[in-house]
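There are 2 protein chains.
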Amino acid sequence: MTVDLTFEDGLIPAIAHDAESGRVLMFAYASPEAVERTQETGLAHYYSRSREELWQKGASSGHVQHVEEIRVDCDSDALVYEVEQEGGACHTGYESCFHRTVETVERTESTVEVSTAETGEQLFDPEEVYE
Amino acid sequence: MTVDLTFEDGLIPAIAHDAESGRVLMFAYASPEAVERTQETGLAHYYSRSREELWQKGASSGHVQHVEEIRVDCDSDALVYEVEQEGGACHTGYESCFHRTVETVERTESTVEVSTAETGEQLFDPEEVYE
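Line order of the protein sequences matches chains A and B.
Following the working numbering, the numbering of the first sequence begins with 1 at its first residue and continues without gaps.
Following the working numbering, the numbering of the second sequence begins with 1 at its first residue and continues without gaps.
Everything labelled a hint here was simulated from the structure, so no lab data went into it.
For glycine and all other residues, C-beta sits at the position ideal for the given N, C-alpha and C.
Some hints here could point you the wrong way.
[Unchecked claim] Distance ranges between label pairs, derived from CB positions:
{"hint": "1", "chain 1": "A", "residue 1": "T108", "chain 2": "B", "residue 2": "E8", "range": "13 to 23 Å"}
{"hint": "2", "chain 1": "A", "residue 1": "T104", "chain 2": "B", "residue 2": "T111", "range": "16 to 26 Å"}
{"hint": "3", "chain 1": "B", "residue 1": "E68", "chain 2": "A", "residue 2": "E113", "range": "16 to 26 Å"}
Start from the sequences, fold in the hints, and give me the full structure.
Here's what the structure looks like:
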């Protein structure tokens with residue numbers, strides 16, 4: 001079966017999922033080129049909205065993601081990269097960017113403030129990796 | 001530690017993750033109210049962009065998601081709902097919306113066409129659940 005992926009403003013949400021541990025590692029966006037490069041190289045590529053450029057995860061830190069499989073959802077508008085993560089996925093040194101658990105939610109008219117607890121373990125010192 | 005969640009166009013990406021199997025179940029968006037309702041009720045709420053309304057997952061199908069934990073990422077702009085899924089998460093009858101694996105990627109100037117293979121198993125007949 002073939003389908004056309006749906007890109008919104010040129011991007012598709014991409015979830016990095018650790019194929020071994022089963023944990024969600026990070027959430028980012030992929031451009032058409034990023035999807036193509038991921039498939040071609042077996043290394044996770046995204047599009048950095050802040051830097052406005054194609055981004056190979058780990059290109060500077062060495063913490064690359066080997067993509068075992070790309071999955072697409074029922075609407076063809078979101079992807080999961082099943083990866084083997086080298087080092088940690090998060091630039092803060094944690095295995096996963098989702099290393100904080102929400103304890104309370106306080107909604108005001110303009111904000112949603114949450115209190116959080118650390119749950120993960122730091123795998124590396126970001127100051128040593130990102131100079 | 002407290003942080004303000006970042007909503008873009010009033011929404012924050014929310015990934016439903018099966019706390020038991022470790023699989024990614026679905027990708028959707030949450031409004032401030034959806035986050036608050038999820039925390040208050042312990043049932044996953046999202047915001048349906050197509051219907052433009054708050055949406056409790058499973059309200060019509062019965063396939064609710066019991067949220068064991070909400071996780072927030074390092075930038076406070078994406079959430080993971082750690083859930084216990086009743087029935088299947090996908091409206092097509094599959095456990096996960098990500099039930100297709102990408103086999104080939106064909107990028108043209110305007111589209112990215114992917115060929116896919118089914119990997120999941122249908123848990124229910126959508127015609128019986130969604131009348």
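Is it true that E68 (chain B) and E113 (chain A) lie within 16 to 26 Å of each other by Cβ? 22 Å, holds
That 13 to 23 Å hint for T108 (chain A) and E8 (chain B) (C-beta), does it hold up? 18 Å, holds
Between T104 (chain A) and T111 (chain B), does the C-beta distance stay in 16 to 26 Å? About 44 Å separates the Cβ atoms of T104 (chain A) and T111 (chain B), which means 16 to 26 Å is violated.
Figure legend: structure checked against the earlier numbered hints; the only hint not met is number 2.
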